[in-house]
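S.K.: The lines below spell out each chain.
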Amino acid sequence: MSIPHSEVTGQLAEAVGPENLSSSPVDTIAHALDFWPRALMESRKGAWPRGPHWVVWPGAAAEVAHVLRIASSYALPVIPYGGGSSMVGGASPRGDRPWIVINCKRMCNILDMDEVSMVVHVQAGIVGVELEERLNARGFSLGHVPTSMTTSTLGGWLATQSSGMLSSRYGRVGDLCLGVTAVLSDGQVLHTRVAPRRATGPELLHLLVGSEGTLGVITAAHLRLHRLPQHRRFDSFRFDEVGPAIDSLRRCLTAGVRPLVARIQRDPRLRRQERAVDAAEPTPEELARRVLLVAYEGPAELVEVEHEILRDLATARGGEPLGPAPARRWWGQRFAAGFRMTPLLVQERVFADYLEVGATWRDLPVLYERLEEAFDRRGWRTRIAVEHARLEGACLGCAFWGEAGSLEEALESYDEAWKLAAEVCHANGGGLGHVYGGGQHRSALLDDGAKQRLALLTQVKRKLDPAGIMNPGVLGTEP
Amino acid sequence: MTATPTSADGRLAELQAALPDLRVSNHVTDRIAYARDLWPGGQLEKLAGKHAPEPPLCVVWPKDATQLVKLVGWAKVSKAVLVPFGAGSGVCGGTMAGTGSVIVDLKEMDAVVRVEPENNLVRAQAGIIGWHLEDLLNIEGLTLGHFPSSLMCSTLGGYLATRSAGQCSSLYGKIEDMAVSMEVVTGTGQVFETGRDMGGGLGPSWTQLFIGSEGSLGFITEATLKVHPVPEHRLMQGYGFKRVSAGCEAIRRLMQAGLRPSVVRLYDEFDTVLARSSAEKGSEADTLLDAITGRVKGSGALPWLKRQALQIVLSRPDLTNRMIEELAPRISADGCLCIIGWEGDRRLTEVQARLGHDELIRSGGKDLGEEPGWHWFKRRYAVSYKQSKMFTSGAFVDTMEVAATWDRLMELYDGVRKAIAPFAFVMAHFSHAYPEGCSIYFSFAGPATDPIEAKKRYDRLWSKALAAATRAGGTISHHHGVGRSKARFMTEEHGNSLRLLQTLKSTFDPESIMNPGVLGLS
Chain A
1 MSIPHSEVTG
11 QLAEAVGPEN
21 LSSSPVDTIA
31 HALDFWPRAL
41 MESRKGAWPR
51 GPHWVVWPGA
61 AAEVAHVLRI
71 ASSYALPVIP
81 YGGGSSMVGG
91 ASPRGDRPWI
101 VINCKRMCNI
111 LDMDEVSMVV
121 HVQAGIVGVE
131 LEERLNARGF
141 SLGHVPTSMT
151 TSTLGGWLAT
161 QSSGMLSSRY
171 GRVGDLCLGV
181 TAVLSDGQVL
191 HTRVAPRRAT
201 GPELLHLLVG
211 SEGTLGVITA
221 AHLRLHRLPQ
231 HRRFDSFRFD
241 EVGPAIDSLR
251 RCLTAGVRPL
261 VARIQRDPRL
271 RRQERAVDAA
281 EPTPEELARR
291 VLLVAYEGPA
301 ELVEVEHEIL
311 RDLATARGGE
321 PLGPAPARRW
331 WGQRFAAGFR
341 MTPLLVQERV
351 FADYLEVGAT
361 WRDLPVLYER
371 LEEAFDRRGW
381 RTRIAVEHAR
391 LEGACLGCAF
401 WGEAGSLEEA
411 LESYDEAWKL
421 AAEVCHANGG
431 GLGHVYGGGQ
441 HRSALLDDGA
451 KQRLALLTQV
461 KRKLDPAGIM
471 NPGVLGTEP
Chain B
480 MTATPTSADG
490 RLAELQAALP
500 DLRVSNHVTD
510 RIAYARDLWP
520 GGQLEKLAGK
530 HAPEPPLCVV
540 WPKDATQLVK
550 LVGWAKVSKA
560 VLVPFGAGSG
570 VCGGTMAGTG
580 SVIVDLKEMD
590 AVVRVEPENN
600 LVRAQAGIIG
610 WHLEDLLNIE
620 GLTLGHFPSS
630 LMCSTLGGYL
640 ATRSAGQCSS
650 LYGKIEDMAV
660 SMEVVTGTGQ
670 VFETGRDMGG
680 GLGPSWTQLF
690 IGSEGSLGFI
700 TEATLKVHPV
710 PEHRLMQGYG
720 FKRVSAGCEA
730 IRRLMQAGLR
740 PSVVRLYDEF
750 DTVLARSSAE
760 KGSEADTLLD
770 AITGRVKGSG
780 ALPWLKRQAL
790 QIVLSRPDLT
800 NRMIEELAPR
810 ISADGCLCII
820 GWEGDRRLTE
830 VQARLGHDEL
840 IRSGGKDLGE
850 EPGWHWFKRR
860 YAVSYKQSKM
870 FTSGAFVDTM
880 EVAATWDRLM
890 ELYDGVRKAI
900 APFAFVMAHF
910 SHAYPEGCSI
920 YFSFAGPATD
930 PIEAKKRYDR
940 LWSKALAAAT
950 RAGGTISHHH
960 GVGRSKARFM
970 TEEHGNSLRL
980 LQTLKSTFDP
990 ESIMNPGVLG
1000 LS
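From first to last, the protein sequence lines are chains A and B.
Going left to right, the first sequence walks through residues 1 to 479 as my numbering numbers them.
Going left to right, the second sequence walks through residues 480 to 1001 as my numbering numbers them.
Read the hints as simulated data drawn from the structure, not as lab findings.
Hints are not guaranteed to be accurate.
Unchecked claim - If you want a taste of the chain A side facing chain B, the calculated C-beta under 7 Å gives, among others:
#, residue
1, TRP48
2, GLU133
3, ALA195
4, PRO196
5, GLY201
6, GLY256
7, PRO299
8, GLY433
9, LEU457
10, THR458
11, GLN459
What the hints assert, rightly or not - Mimicking BS3-like on lysine-lysine, the simulated pairs with C-alpha atoms at most 30 Å apart in a straight line are:
#, chain 1, residue 1, chain 2, residue 2
12, B, LYS868, B, LYS897
13, B, LYS705, B, LYS857
14, A, LYS451, B, LYS549
15, B, LYS558, A, LYS463
16, A, LYS463, B, LYS555
17, B, LYS845, B, LYS721
18, B, LYS529, B, LYS935
19, B, LYS935, B, LYS868
20, A, LYS451, B, LYS555
21, B, LYS897, A, LYS451
22, A, LYS451, B, LYS705
23, A, LYS463, B, LYS549
Glycine included, every Cβ here is placed at the ideal spot set by N, Cα and C.
From just these sequences and the hints, can you work out the full model?
M.R.: What follows is the structure, given as structure tokens:
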């Protein structure tokens, strides 16, 4: 079927208003990509990326519904777009049909705030930091703080089941969600009903959370809130190696402590930027050292006890108390980390990305070691941190980068690095895609069990999106 | 094969031919014993002489997922219906036989597959009884932390299938917070693992989508669950609140203060009398009986008198309810009883109990000491087993557990109470508290001297009460599930999002062989 572009344009203008529709290159190029490093590397070749034919900014679920009905009738792919900060390639469909981007950011209002129940009803296009600031002004916090918070949207978080840096205490974004409004491909606006908890069949919002736009567009959500903490406390410990640090953290969570933040990483003082110009290169012993950075929040007396429990565990395992300063320092820079990679990505022959892999406590130390070894052997650099700790395990966040002879070779190395990472993860109990979702990229690297689970999503998608227009190709769905 | 394929004998022969190793019984005792769960409406039908709705074709006891896959294959070909069965203690008609149905008892799949103390995880088969699983974990110094009052007569698979919640849910979470991954056999005969041991992964959570599916999408055969160290310390404390609304407000503040008690229970005026009654030997139902009949001393010696007294009181429930309301403040000098429990690591327990105590006293609570808390603790599993006594005394009893966010909770309480009051004597307690809301557990008793009349009354009561719950913005079930008894309210409950459930059904059980009728799915 040939696409009557002007006819579609006219109908879309009617759906969202001509001022909220654009086919200008300024907009289509801006919406052509997300933050997937490989696509950004490709763009160094100098060619304009292929973008959507239309970008629309609907103001309400009803307008989203109208857009989806138009897209259905012409079988045009639709990509729901939040902040565009995804790192896994979910912004451009394969195939040659022109597509529509639904930019959700005009839907950015707090619809209702129930301060008695501490529940907020908010539109999905709101940018994370704006939501948090507006909640803070009323004495509340969502407790969801991904590094991308200044760019990413609530809808993006829900669609990718985002995990923020406070996940040890507040869980993933799905754990904060009590209900969603979503528009399906035929234009039906669905509301899942809000209750503190119910036993009336499966909790249906979980079909939409994590579906990455393949089943519908999330337009609003009800979210649990927390009160701004009465008290916050930081603490830090240095260990000679990673093992005892992991063991201390595991035991602390097992005891029932709920840290706000708990991460194990290389000693930040070894970073070149932190060292004196004339300082000697770090020794292997120094490089093997790890620091455990931790924060707690809540009632002061409870925080004090939680702090004591970890302190006792850590010092008994050789952890040297460093006091609050290192952790507080990390906290102060917590949003900067996400953007440290950006300068690497504009260098001609450099490749870089960020790998996040979940594992149970038993598998974690081995996986850590194998991953580091495998990349070292290839001469690629890594920075691995233990993050998102919870009762049964934690996530390894691994930034990796390397340099190649040319852009082409850098792209090859990038793909090789991911293949290597996937092999190491599959062999050592690691689960890829713990934080960032699947997009087009991660979904192809999964083990058999995970692929089987995604195949089920494809089956559900055929029923809810028979024309296959909703973000086709991500999470292993048909392109 | 001599029998015609359509006859019961013929179908049974086909099943045995298809699965020669599968244990099967079509003995009449088994077929009647397995025909229903403990839905009180079903008990009334039994009193009316209808023992089984439709006795099943047979009962089978599969040994593993492979047999279940074959069973599903057979059911698809022979158009049979499969009804998963745990321990049969459901109270919503979730397991109910239909014509030609096969009851699939999973209790032979009851092994603990592995315990991983270092990961705080356990892997167990779905047919294990909750109490056994907890016992085996305790030997390893671990606990699941899931304590429904049916613990001794319910299975892990049942918990997962119905979205069960236990008495310590505020600390350990509900079953969906414990489950990390499950093995399921779908209605298409596919076996798959719903997640990973360290949860996360990509796409929608199939673990969350199969929890609560009440057997309508497939069988849950195994699960990996989070476990905790056996608590080294436990504290229980009672508080009194002048009115139930003041108690609710105190609990809201407690839950929103960032504290995690293990137990939170608040009894309304009349339920307080029951909860505090000193019937050490007794169960809640005994006391209910005693309470309703004005403690006629006659157990054993004068059962007739007790029965008559019960009838007199229950014949005018509206009057009794109003009377109780008037008398409430005088019945219990300390007002409404609230029980708060704390457990876990010693230091965490002590500091939280202290902070929680201050919060409750600030909110107007009167310190009643440890005794009321321990009194409840000792009897916490007693309630589930004494229903039949009420039925044989000529009364029906049932419970209804609803929930809402705090802003609607009192409206929900009043609305449901008023809806039940004309039909039955009603009382309630609040438990399973959250920062954003709470559940309310209504217990009610009505006259059932004439079982046929009683069933009509019972059905009308439920219709009115469920309608009142949805009208007040609450959910129709907090943790018992829907089964068949609440199925007709699924549209009010879910609105148009029910389409998502129907999509799951048509994906995982396109031929509708899995427990049709539950959750309003046919």
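S.K.: Each hint: holds or not?
M.R.: How the hints compare with the structure:
This hint is violated: TRP48 (chain A) has a C-beta 30 Å from the nearest C-beta of chain B, more than the 7 Å allowed. Hint on GLU133 (chain A) is violated. Least Cβ distance to chain B is approximately 21 Å, over the 7 Å limit. Against a cut-off of 7 Å between C-beta atoms, the interface hint on ALA195 (chain A) holds, since the closest Cβ of chain B lies about 4 Å away. Restraint check, PRO196 (chain A) versus chain B: the minimum CB separation of about 3 Å is within 7 Å; hint holds.
The interface hint given for GLY201 (chain A) is met, as the beta carbon of that residue sits about 5 Å from the closest beta carbon of chain B, less than 7 Å. The beta carbon of GLY256 (chain A) is positioned within 7 Å of a beta carbon in chain B (closest approach about 5 Å), and the interface hint is therefore held. Interface restraint check for PRO299 (chain A): the shortest CB-CB distance to chain B comes to about 5 Å, inside 7 Å, so the restraint holds. With its C-beta approaching chain B no nearer than about 5 Å, GLY433 (chain A) sits inside the 7 Å limit, and its interface hint holds.
With a least beta-carbon distance of about 5 Å to chain B, the hint placing LEU457 (chain A) at the interface is held under the 7 Å criterion. Interface hint status for THR458 (chain A): violated, as the beta-carbon distance to the closest one in chain B is roughly 10 Å, over 7 Å. The restraint placing GLN459 (chain A) at the interface with chain B holds, with a minimum CB-CB distance near 5 Å, inside the 7 Å limit. Of the pairs offered as hints, the one joining LYS868 (chain B) and LYS897 (chain B) holds, with about 26 Å between alpha carbons and a cut-off of 30 Å not exceeded.
Among the hinted pairs, LYS705 (chain B) with LYS857 (chain B) is consistent with the structure: their alpha-carbon atoms are about 26 Å apart, no more than 30 Å. The hinted pair formed by LYS451 (chain A) and LYS549 (chain B) meets the criterion: a straight-line CA distance of about 24 Å does not exceed 30 Å. For the proposed pair LYS558 (chain B) and LYS463 (chain A), the alpha carbon gap of about 24 Å is at most 30 Å, so the pair holds. A distance of roughly 21 Å separates the Cα atoms of LYS463 (chain A) and LYS555 (chain B); the hinted pair therefore holds under the 30 Å criterion.
Distance restraint check for LYS845 (chain B) and LYS721 (chain B): the Cα-Cα separation of roughly 9 Å lies within the 30 Å cut-off, and the hinted pair is therefore satisfied. Proximity of LYS529 (chain B) to LYS935 (chain B) is assessed by CA-CA distance (about 15 Å); at most 30 Å being required, the pair is judged to hold. Taken as a hint, the LYS935 (chain B) and LYS868 (chain B) pair is honoured in the structure, with Cα atoms around 21 Å apart against an allowance of 30 Å. Restraint check: the Cα-Cα separation between LYS451 (chain A) and LYS555 (chain B) comes to about 26 Å, which is no more than 30 Å; the hinted pair holds.
Annotation: proposed proximity of LYS897 (chain B) to LYS451 (chain A) is violated, straight-line Cα distance about 52 Å (limit 30 Å). Our distance criterion of 30 Å between C-alpha atoms is met by LYS451 (chain A) and LYS705 (chain B), whose separation comes to about 24 Å. About 27 Å separates the Cα atoms of LYS463 (chain A) and LYS549 (chain B), which keeps this hinted pair within 30 Å; it holds.
When each numbered hint is compared with the structure, violations occur for hints 1, 2, 10 and 21.
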